[in-house]
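J.: Please arrange chain Z on chain Y, whose structure you already have, making use of the hints.
What follows is the residue order along each chain.
Number of protein chains: 2
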Amino acid sequence: MTGHRVLVIGADGAGMSAAHQMLRTARDRGRELAVTVLDAGQHTSYSACGIPYVVSGEVAGIDDLVARTAQEHRAAGIDLRLGSRVTHLDLEAGVATVEGADPVEFDEVVVATGASPVMPAWSRGPAGEPVAGVMPAKDLDDAEAWASRFADGAGERVVVIGGGYIGVEMAEAALRRGLEVALVTRSRVLSTFHPEISARVTASLVRAGVEVHLDSEVEGLEVHEGVVTGVRVGSDVLAAHHVVVALGVRPATDFLAHTDLRQPNGALRPDERGQVAPGVWAAGDCCEVQARPVGEWVYVPLGTHANKLGRVVGENLAGGDLRFPGVLGTAITRFAAGEEYIEIARTGVSTRNPGNIADTCVSLVTEGTTITGYMPGAPTITLLVSADRITRRLLAVEIVGGQGAGKRIDAAAAVLWAGGTVDDLAWMDLSYAPPVATAWEVLQIAARRVAELIDHEAAGG
Amino acid sequence: MTGHRVLVIGADGAGMSAAHQMLRTARDRGRELAVTVLDAGQHTSYSACGIPYVVSGEVAGIDDLVARTAQEHRAAGIDLRLGSRVTHLDLEAGVATVEGADPVEFDEVVVATGASPVMPAWSRGPAGEPVAGVMPAKDLDDAEAWASRFADGAGERVVVIGGGYIGVEMAEAALRRGLEVALVTRSRVLSTFHPEISARVTASLVRAGVEVHLDSEVEGLEVHEGVVTGVRVGSDVLAAHHVVVALGVRPATDFLAHTDLRQPNGALRPDERGQVAPGVWAAGDCCEVQARPVGEWVYVPLGTHANKLGRVVGENLAGGDLRFPGVLGTAITRFAAGEEYIEIARTGVSTRNPGNIADTCVSLVTEGTTITGYMPGAPTITLLVSADRITRRLLAVEIVGGQGAGKRIDAAAAVLWAGGTVDDLAWMDLSYAPPVATAWEVLQIAARRVAELIDHEAAGG
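From first to last, the protein sequence lines stand for chains Y and Z.
Position 418 (the first sequence) corresponds to 418 in our numbering; numbering is contiguous.
Position 404 (the second sequence) corresponds to 404 in our numbering; numbering is contiguous.
Excised from the complex, chain Y in its bound form (with noise of 0.2 angstroms):
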């Protein structure tokens, strides 16, 4: 090996995007950079947001997840050591220290080692050691044992612990697998989601047959002989033979504790060409990123992110010059079990941090369809629409209906992006036939609605 040598720990999207990226890079301007990957685990570059699909059966298997294989990366010139776990990184020295390997050398390093999943200790055993039929469901091996669990699990009753993302998709992998599900949440589904829009989301599970528990804080398990028995919440006790931990996660980034990298939630924040401090770059779970358009920092550790800015990290790294624009939140996800099918979506983070609801913030919930009425099915919809009141600025869209609904919401993003009004999403050209929209387009409508109020009250109405 000759040449810069870099190091990247952590070899899912935003590891693997940073190294093929600067190997392109590299070899497109005459460079040479030599590539070391390693990670902890035994998995490259694999989707964790497919996790609950094959938990459910809709995907046959992790290996479907994989989107390149350890071989691949290594055909194209990456050193990729799996089963590497970097316990200490010296930046001075530019070493890595590995768990039962030789130590590292490095020019410059790329820290891309993710997250972990939130696991309290009640969730553990007197000893911290884990409590058979508890898991979270964050990696492959997770994905695969509740894989195997659910699948002889019909008529079992499952307790999910956490009402976001991951916990309404495990809910719906364990009705599609036929068990009993119980879903505890602190406070709300979807809880970063205005009250209207996650009350919609969580009449759809109640409906689907979920026995959903509210502002429940549990207390610890019930555990018989080394195996869940049951949830403590209050005074109630939720039987269960399995429970998920969906508690959300937090960037894994223990071995950095020496440095001054970190912020006090473990997040690094790189700048926007992707650089956390000279030779130290870092992208994906492990990171905040700015909001779009004030430039707050935030912790929203979705793939989307992830692929992008190790993308930019690349190709600095290699000498190029791409900036990361920052975020806006934007997520979705879909809620599908026997007759029930929502899909759920947001943009603009803006308004669920506290100091950002301005007193100028007016939001209003609109409800229509996604298609024209008269169409047979037409499927509902309900909006949220945020603007402010004296920009006229639209700050965030929330949206659950049925099948078409979700991804309207790029359309809301692609006006955040340019620091639309919400008259721009009112107005703007969209496209209409009756069997895939409305006349006048339902985020139109919900926006023009918006509008109008802002224009109402400037009137002293």
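Hints are computed from structural coordinates only; laboratory data are not their basis.
Heads up, a few of these hints could be off.
[To be verified] 20 angstroms max Cα-Cα, derived SDA-like pairs, lysine to any residue:
id: 1; chain 1: Y; residue 1: LYS138; chain 2: Y; residue 2: MET119
id: 2; chain 1: Y; residue 1: LYS138; chain 2: Z; residue 2: MET375
id: 3; chain 1: Z; residue 1: LYS138; chain 2: Z; residue 2: TRP122
id: 4; chain 1: Z; residue 1: LYS138; chain 2: Y; residue 2: VAL227
id: 5; chain 1: Y; residue 1: LYS138; chain 2: Y; residue 2: PRO120
id: 6; chain 1: Z; residue 1: LYS138; chain 2: Z; residue 2: PRO301
T.: Below, chain Z alone, put in the same frame as chain Y:
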């Protein structure tokens, strides 16, 4: 009746949007308007776009297409007179001549007469009379007639003449009714689309059983005892029990032939406030509109523009100040028959006016899937992205693909609306979850490929 007298000619989307908006705005501003609406036909406010779905039987009948009845309009204070054809307009004197009725005086007039179907000389009998079995698919009477003919037409043969949206939609309707379908077009199917997108639509029609005749000029009809029996195309005769003439429309403005308000194609050109001349306003399919970003006049008769421009006219006529912000030529349709299902959409008019296809336009066709490839039944999608190689501005996007493909055009339209670049589209924060999208949204993959092509060319590649 007291107050300022407004005459609206045409009781469809544009006219009735204008009428209702002017009454609302006048009420808010304490003004008095006397609004009379005249229409030559017997129907108001109907969804012309829904006609093919009545013909196919998906929608039960034409009443379902009527958004508001004549009674509802009258209850809102509009003096609506159906069966009232305006044959002459004296703009100087403010008098409309009405066939078989008293003239109507006005202070201001709104022309919202829409468009008439193009019916070439060969589509009529020697004396210009209709031929039994040969009709357009333009209004509710046509809808009712075709629905009735097709309902009893299984096994019969229909020749659809014209490969535009209506032609494709009527072919679908006929297939769904069990007819045999031939489609004849002078050039390609959906000829405003890029040849590769157009070819995919043609292939879908053919797979669904349509006999497609490209680059074929209709010479005339075969008629037996006043009833059509075939269509002559070159030296061939295509047998036909029914002939749908879907050759487009032209502005219905003959009654203004004595004025200097019309363009050579018959269209009016309202300014951004909706005014054609002092006291003369216009909206809907009788108008050209200005395309963003350049501002060229285009004839794109679509309900979306009609509704918006009608509202602008109504607001301004009653003393408000609302500007019609222009169009992108965004459009969508679906073709669904038997196993076939495609959605087809476009945005950006600039590439279809030869004068605008500058040397600096770069286009690329990209193939992908609308949802993650490992999910079962991931629909395919083909996208054309065009951008300017100097400014990198997005110029146009065209899409053909399965469920969920078409409405993706709206995110592209939003970028075009803001004058954004292909890089904006490639890097913006769009939504992802495996059942509804790919991790790099396919729109963004397509945009990135165009960006890379521009970079590559700039580097002398």
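J.: Next step is simple, just say for each hint if it's right about the structure.
T.: These are the hints, each one checked on the structure:
1. Y:LYS138 / Y:MET119: holds, 11 angstroms
2. Y:LYS138 / Z:MET375: holds, 19 angstroms
3. Z:LYS138 / Z:TRP122: holds, 18 angstroms
4. Z:LYS138 / Y:VAL227: violated, 70 angstroms
5. Y:LYS138 / Y:PRO120: holds, 15 angstroms
6. Z:LYS138 / Z:PRO301: Cα-Cα ~12 angstroms, so holds.
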